[in-house]
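Sequences are here, hints too, so could you generate the full structure?
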Amino acid sequence: MKFRGKITDIACLNHFTRVVTTISKLTKTCVLRLTPDHLFFILPGKVTNGGVGMWCQLLQANFFQEYQMEGVTSEVQEICLEVSPEPWSRALKTVQSAKSVKLKLTRKHCACVTVAAELPTLSSVGRVVTHDVPVDVIPRRLWQEFQEAGVPDFDVSVYLPPLKTMKSVVDRMKNLSNFLVMEANLNGDMNLKIQTDLVSVTTHFKDLGNPDGGPSQSRDPEVMAEVTVDIRKLQQFLMGQQVNPSKALCNIVHQNVVHLVLLHEDVSLQYFIPAVA
Amino acid sequence: MQCVVTGGNVKVLGKAIHSLSRIGDELYVEPQEDGLALRSVNSSRSAYACFLFAPLFFSRYAIPTGLNFRCKMAIKSVQSVFKSLATLEKTVEKCHIGLDEQKDRLTFTLHCKHGLLKTHNLSYQDSESLEAVFDKNSCANVFRAQPRVLVDTVVHFPTSLEEVTVTVSDERMWVRNHVEDEAERSKAMLTELCLAADEFDYFAVKAHYSITFCLKEFRGLLLFAESTGLPVSMYFDEPGSPVVLSVTDSVLEGNFVLATLSDNHDLHKIHIDSTQKVDIGDADQPHPPDDFMSDDMDAYLIAMDTSAAPGPSTADPPPPSLATFRKPPAPNYRTRTHSEEEEEDDGEEDPERPPDKKFRSLFFGSVLPPSSQMNTQPLTTQEVLASDSEDETEAE
Numbered sequence: 001m002k003f004r005g006k007i008t009d010i011a012c013l014n015h016f017t018r019v020v021t022t023i024s025k026l027t028k029t030c031v032l033r034l035t036p037d038h039l040f041f042i043l044p045g046k047v048t049n050g051g052v053g054m055w056c057q058l059l060q061a062n063f064f065q066e067y068q069m070e071g072v073t074s075e076v077q078e079i080c081l082e083v084s085p086e087p088w089s090r091a092l093k094t095v096q097s098a099k100s101v102k103l104k105l106t107r108k109h110c111a112c113v114t115v116a117a118e119l120p121t122l123s124s125v126g127r128v129v130t131h132d133v134p135v136d137v138i139p140r141r142l143w144q145e146f147q148e149a150g151v152p153d154f155d156v157s158v159y160l161p162p163l164k165t166m167k168s169v170v171d172r173m174k175n176l177s178n179f180l181v182m183e184a185n186l187n188g189d190m191n192l193k194i195q196t197d198l199v200s201v202t203t204h205f206k207d208l209g210n211p212d213g214g215p216s217q218s219r220d221p222e223v224m225a226e227v228t229v230d231i232r233k234l235q236q237f238l239m240g241q242q243v244n245p246s247k248a249l250c251n252i253v254h255q256n257v258v259h260l261v262l263l264h265e266d267v268s269l270q271y272f273i274p275a276v277a
Numbered sequence: 001m002q003c004v005v006t007g008g009n010v011k012v013l014g015k016a017i018h019s020l021s022r023i024g025d026e027l028y029v030e031p032q033e034d035g036l037a038l039r040s041v042n043s044s045r046s047a048y049a050c051f052l053f054a055p056l057f058f059s060r061y062a063i064p065t066g067l068n069f070r071c072k073m074a075i076k077s078v079q080s081v082f083k084s085l086a087t088l089e090k091t092v093e094k095c096h097i098g099l100d101e102q103k104d105r106l107t108f109t110l111h112c113k114h115g116l117l118k119t120h121n122l123s124y125q126d127s128e129s130l131e132a133v134f135d136k137n138s139c140a141n142v143f144r145a146q147p148r149v150l151v152d153t154v155v156h157f158p159t160s161l162e163e164v165t166v167t168v169s170d171e172r173m174w175v176r177n178h179v180e181d182e183a184e185r186s187k188a189m190l191t192e193l194c195l196a197a198d199e200f201d202y203f204a205v206k207a208h209y210s211i212t213f214c215l216k217e218f219r220g221l222l223l224f225a226e227s228t229g230l231p232v233s234m235y236f237d238e239p240g241s242p243v244v245l246s247v248t249d250s251v252l253e254g255n256f257v258l259a260t261l262s263d264n265h266d267l268h269k270i271h272i273d274s275t276q277k278v279d280i281g282d283a284d285q286p287h288p289p290d291d292f293m294s295d296d297m298d299a300y301l302i303a304m305d306t307s308a309a310p311g312p313s314t315a316d317p318p319p320p321s322l323a324t325f326r327k328p329p330a331p332n333y334r335t336r337t338h339s340e341e342e343e344e345d346d347g348e349e350d351p352e353r354p355p356d357k358k359f360r361s362l363f364f365g366s367v368l369p370p371s372s373q374m375n376t377q378p379l380t381t382q383e384v385l386a387s388d389s390e391d392e393t394e395a396e
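Top to bottom, those sequences are chains A and B.
Just so you know, the UniProt record's numbering puts the end of the first sequence at 277, numbered straight through with nothing missing.
Just so you know, the UniProt record's numbering puts the end of the second sequence at 396, numbered straight through with nothing missing.
To be clear, the hints were calculated from the coordinates, so they are not data collected in a lab.
In this text the structure is predicted, and so the values were computed from the model without any measurement.
Just so you know, not all the hints are guaranteed correct.
[To be verified] Below are the EDC-like pairs computed for lysine to aspartate or glutamate, each with C-alpha atoms no more than 16 Å apart in a straight line: (1) B:K187 with A:D9; (2) B:K187 with A:D136; (3) A:K108 with B:E184; (4) A:K102 with A:D9; (5) A:K193 with A:D136; (6) A:K108 with B:E192; (7) A:K108 with B:E182; (8) A:K93 with B:D152.
Right, here's the structure in full:
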């Protein structure tokens, strides 16, 4: 099992750092799945996570100038590791001016992903900083969970309003209630609602647009599909977003799950928030 | 006493005070013939800092001859005089420091633009003298670097990191984070940075030592060095001996003396041979049986002199237990002996000292309770050094 990737382009380094930082804000640990063409940061939606699931897919060629990997066997060209993205994010943030950054799978006192950066200096010898971040290798029998979750049969698919706006709305609503109802219809309308004994607040978004290839056209465009979610999970998702995505949409399975999809350049991030029981 | 600081030096003074606040909670002020000394020490006596401002630093430095005055005050109150250094720089023209012995106050008067006068009356307490005894010139390894190099090094370490280990070879210096216990090792991120000799202004290694000390206090010095642009000199010896960091220019000298962990077994795999393997005979150690002793970890504190009046140090040989700790004790780490200090009034004892600390005249084991190992104090296996009036039988 080997992995070695090198980033020498500053913009790529910057972008990769932002992705890792976003992931680190969404979850404390996740699975890193490496294949010859992609990197995936996966959080399988389990009860232990409160049912929240995350799937982030990166095309390695868009980030790494050099990328070599050897999977766990010659047939299975994949590596699955359990990682904690926060130390990575910290390590990457301090080496933004590096001439090159290498990520490799190493074995020090335990299995580690080493981030090695060559920093520019005035001296003849480059300054090298290495960060060894411990990881856990995931046994193959557990890999089933990390195959791509199919997109659920959603009832409504709608484009999201600007994430910043959503975030400020949700932040304020969080002060009033722990649960928020997200509903949308095929007319491009979305509402965020909270209700307590004393007050109910609804924020209406209109003309958001619906992506093509959505669910059956036989559905009445006015009818809302709704999900009641834990507001903190939605807030956590919104807090982590650092860059405005080029595409942001939301698939709702009525009373079941909210599936948020963000596309930014070559990175796709999917986040599943289950309905509260 | 009347001191006046003008212009840009006000900011320098303020920066020095902020740096000292990273060490301890109290500021010790001692106007001396050779300048104004500002000192601080942390509660476990594992870090000490002193800034000496020469008379030329001040536009006016007048102390009555024979003034034997020493005081200490809460550093937070002095910091509040110099808060917001950016505004200070723009608005303060001069700072006048005066002593009012009747009322036990030090008055800081800031003369600002537009005729504005800000007067701060800060009460002080009398204190014993606080002066660490150290000799930079006898240290095996000496380095000097521009502050930028060191700041760029510590930026890679998280601010919550307690301790760093610095290892040197003839041409290189490695800095890495120190992970205390085994359990953490498998979870913690290990960061290591390598600096080449030519990044330093001066790099002289006589022995390939590896020392571990507290990063937070080191950052305190860098704070000052970076803003003044003064190069930082680093002096250290074998593990266990303190590391001394200095900044100097013609009108001021700042010294930070930080204790280092002494270890007698390899904690990490390091790149070069660690030459330090010291046999510590437990039986000889006069410490109480704390948990940390079973770890065989010891940390030595800098020699502290807390006698009330500076006097000539007597040439008493260091207590025998020191010899069992390590190779012949370096002659520089002497301190005043008990006999001299016993004459001091008991009342001189620093009231802030936790009651369970026992004092000896030289390096000796920490008496901090084992649970304190888990607290945020970095080198909890520190020992408090010089006692001024403790029971002599405690001595080795």
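Verification of the hints:
At most 16 Å may separate the alpha-carbon atoms for a hinted pair to count; B:K187 and A:D9 exceed this at roughly 30 Å. Between B:K187 and A:D136 the alpha-carbon distance is near 10 Å, which keeps this suggested pair within the 16 Å criterion. Taken as a hint, the A:K108 and B:E184 pair is honoured in the structure, with Cα atoms around 14 Å apart against an allowance of 16 Å. Simply put, A:K102 and A:D9 have alpha-carbon atoms about 12 Å apart, close enough for the 16 Å limit, and the pair holds.
Of the supplied pair hints, the one linking A:K193 and A:D136 is violated, its CA atoms being roughly 41 Å apart against a limit of 16 Å. Taking the CA atoms of A:K108 and B:E192, the gap is about 13 Å. The hint holds against a cut of 16 Å. For the hint pairing A:K108 with B:E182, the CA-to-CA distance comes to about 14 Å; that is within 16 Å, so the pair holds. Proposed proximity of A:K93 and B:D152 is supported: the alpha carbons are some 13 Å apart, at most 16 Å.
Of the numbered hints listed earlier, those contradicted by the structure are 1 and 5.
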